[in-house]
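Got chain A sorted already, so can you dock chain B onto it with the hints?
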Amino acid sequence: MSIDTAPSAGATALDATAAVVTRRDIQHRLLMTLGPILAALIIAGSILLAVGVDPLAYYSFVLKRGLLSPLGIQQTLTRMAPLLFLAAGLIVAFRAGMWNLGGDGQFLLGAVTAAASAPALVQVMPAWLALICSFVIAMLVAMIWSLVPALLRAYQGVNEIITTLMMTFLGTSLANVLVKLVFRDPGTTVPQTRTLPVEDRLPRLFDTTITSGLLLGLVAIITVHLVMTRTAFGLKLRIVGANPRAAIHAGLGVPKLTVAVFAISAGLAGLAGAVDILGVQGNVRADWNPAYGLAVIPVVFLARMNGFAAIGFVFLLSVLSIGGESAARRLGVPNHFTLVLVSIVLIVLALAEYLDHRYNQSRRELKR
Amino acid sequence: MTGLFGEIFLSALLFGAVTAAIPLLLAGLGEQMSEKAGVLNIGIEGMMLAGAYLGFVGAFYSGSLWLGFLTSAGGGIAVALVMALLCVRIGLNQIVIGIALTLGLEGLTALLHHFQFSRSYPRLPAVDVTVIPLLSDIPVIGPALFRQHLSVYLAVALVFAMGYVYRRTQLGLNLQAAGDKPAALDVAGIDVVRTRTIAVLTTGALAGLGGAFLANVGAGLFIPFITNGAGFLGIVLAMLARGRPVWVLFGALLFGVCLSLTTAMQVAGINIPTDVIQMLPFLAVMIMLVLFGRRASLPAALGIPYERGAR
Numbered sequence: 001m002s003i004d005t006a007p008s009a010g011a012t013a014l015d016a017t018a019a020v021v022t023r024r025d026i027q028h029r030l031l032m033t034l035g036p037i038l039a040a041l042i043i044a045g046s047i048l049l050a051v052g053v054d055p056l057a058y059y060s061f062v063l064k065r066g067l068l069s070p071l072g073i074q075q076t077l078t079r080m081a082p083l084l085f086l087a088a089g090l091i092v093a094f095r096a097g098m099w100n101l102g103g104d105g106q107f108l109l110g111a112v113t114a115a116a117s118a119p120a121l122v123q124v125m126p127a128w129l130a131l132i133c134s135f136v137i138a139m140l141v142a143m144i145w146s147l148v149p150a151l152l153r154a155y156q157g158v159n160e161i162i163t164t165l166m167m168t169f170l171g172t173s174l175a176n177v178l179v180k181l182v183f184r185d186p187g188t189t190v191p192q193t194r195t196l197p198v199e200d201r202l203p204r205l206f207d208t209t210i211t212s213g214l215l216l217g218l219v220a221i222i223t224v225h226l227v228m229t230r231t232a233f234g235l236k237l238r239i240v241g242a243n244p245r246a247a248i249h250a251g252l253g254v255p256k257l258t259v260a261v262f263a264i265s266a267g268l269a270g271l272a273g274a275v276d277i278l279g280v281q282g283n284v285r286a287d288w289n290p291a292y293g294l295a296v297i298p299v300v301f302l303a304r305m306n307g308f309a310a311i312g313f314v315f316l317l318s319v320l321s322i323g324g325e326s327a328a329r330r331l332g333v334p335n336h337f338t339l340v341l342v343s344i345v346l347i348v349l350a351l352a353e354y355l356d357h358r359y360n361q362s363r364r365e366l367k368r
Numbered sequence: 001m002t003g004l005f006g007e008i009f010l011s012a013l014l015f016g017a018v019t020a021a022i023p024l025l026l027a028g029l030g031e032q033m034s035e036k037a038g039v040l041n042i043g044i045e046g047m048m049l050a051g052a053y054l055g056f057v058g059a060f061y062s063g064s065l066w067l068g069f070l071t072s073a074g075g076g077i078a079v080a081l082v083m084a085l086l087c088v089r090i091g092l093n094q095i096v097i098g099i100a101l102t103l104g105l106e107g108l109t110a111l112l113h114h115f116q117f118s119r120s121y122p123r124l125p126a127v128d129v130t131v132i133p134l135l136s137d138i139p140v141i142g143p144a145l146f147r148q149h150l151s152v153y154l155a156v157a158l159v160f161a162m163g164y165v166y167r168r169t170q171l172g173l174n175l176q177a178a179g180d181k182p183a184a185l186d187v188a189g190i191d192v193v194r195t196r197t198i199a200v201l202t203t204g205a206l207a208g209l210g211g212a213f214l215a216n217v218g219a220g221l222f223i224p225f226i227t228n229g230a231g232f233l234g235i236v237l238a239m240l241a242r243g244r245p246v247w248v249l250f251g252a253l254l255f256g257v258c259l260s261l262t263t264a265m266q267v268a269g270i271n272i273p274t275d276v277i278q279m280l281p282f283l284a285v286m287i288m289l290v291l292f293g294r295r296a297s298l299p300a301a302l303g304i305p306y307e308r309g310a311r
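Chains as they are written, first to last, in the UniProt record's numbering: chain A, 1 to 368; chain B, 1 to 311.
Here are the simulated lysine to any residue pairs, SDA-like style, with alpha carbons at most 20 Å apart: (1) A:180 - B:272; (2) A:180 - B:276; (3) A:180 - B:265.
Listed below are several chain B residues computed to face chain A (Cβ distance under 8 Å; list not exhaustive): (4) 92; (5) 100; (6) 235.
In case anyone wonders, no lab produced these hints; they're calculated from the structure.
We put the beta carbon where it would ideally sit given N, CA and C, even for glycine.
Same shape as in the complex, but just chain A:
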């Protein structure tokens, strides 16, 4: 029941680092990235126009609120922290040819366990140790949660797209059950976990409101990128992603590597939940589900599974979502528009890449 649909970049990822980057190359890549984004902005803008919203006013408002105002840019950078962890987790999975679409369930379970453990732990140990322990617990819980799809894929060949999606629906409900029944703060009437005091949360950077979780996220994604491109372990995973059968013939323990990939990917998603709770939210309210996991998937594709490019796209997504949330309150355009925009960017970019490939191919044939 397995499907050979390794992410397309997985196959080319092996030689990607060896390519000599010329100036023309960079120009071409910039054009291939910015062109589709511009086209998508125009298409999405026409949707806004159709529902009676001035797209230019909307875009400039989003830009102003998400990027150009001092408060906005700080919120944007803070928002990046969980998204970077999630993107790092997806890069590992996608490069190894495994479709971990269960990020949201892993994220929420990580968030809930971090929210439950941190306020309890700060009472018995120093805050910094409590934070570290909470991070580790969140990571372990998310890893365990991914074990079912991982084992099913590794030893039974059950398609992981389906299992991770099912586990994400289950995880979302389970997180709610935990908040409402197990970890509920008896001191409040609203169902939510106990709140971690602000002074015990992750420190903020300098005199800003930016969380230091941003730095952790950057470290995570850069580490993942380097491990995937520069180490033997990363090479093994990319071989599994490019051709699982060849990997078996090369003597790699594919089932064990599969479980490892799921564990790393889910662990990073759990850390994403923890960093959002321990740095920003302080508690988990019942029915809280920001659904970052699904929104990050297109970002990772757009970045072609490159860690550094992903940082840029995560920044863009943060600007869009912070600006979009603000626009929802002020201009009455629901934040759902961000989803539309992101998906149009993804489709147009995929299309542009195809056309570019075709153009290059026909030119090569002409030369012959």
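For chain B alone, kept in the frame of chain A given last:
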């Protein structure tokens, strides 16, 4: 609590199960056709949402449920057309485009709903039921199964029609070949791209109809994200049914019962949080996958775009 297992309760439970099962059935049948032809259609959730939204709009403004079904099928086909162009014709990655379509339509239908209906939240009137004489007089089962909207019977009839198409017609064979060995189909002189396009567009139509049933017959209104994973459940059903429409029907009914239990237990006043009950259908899927996952068989060329002359 005395009426917990009384006749009326059981009958209501079964009735709800059938209503909940039909959207899953339509989605599952649709996905089955795509998968048979070698296209893994992750965008089905988006197609259902497009169908649910357009079906509701059509039924609301025209006052006719059947016109609503027509517009919903059109909506599903429109989304499927994008998928067919991008994934079948030019061979882009089916999973990437599928996710993009699902995300985009989640956003788009929620956006349109916000600007159109968020102040009034209009509802459709309750649907008429078609009573089947004699059969509907059977206790418990009668009122549950044989006093349903006409579209329910049509959906069940579709199961057998699909079975016929797969087993007895040239199209059925072509679809199977497009998924198992597209090159062989091509050599036999039949256009693989065309066969797969037919399959994807049919999936769109069925998913759209499923969405419309969910919104118009089941709920009587459209709300954002109304499908809530029904499309994904359809994908699971198709995978477990091993290419046989009848198994999609059985699976859909099983999940229908799980979903129906959610409401029934609340009505009966059993004090379990809704979240626990909401986990039931997904838990059932996971258990089924653990038990039968190894035996589920998928077409050999599933998810691989066909390119003539490629190795």
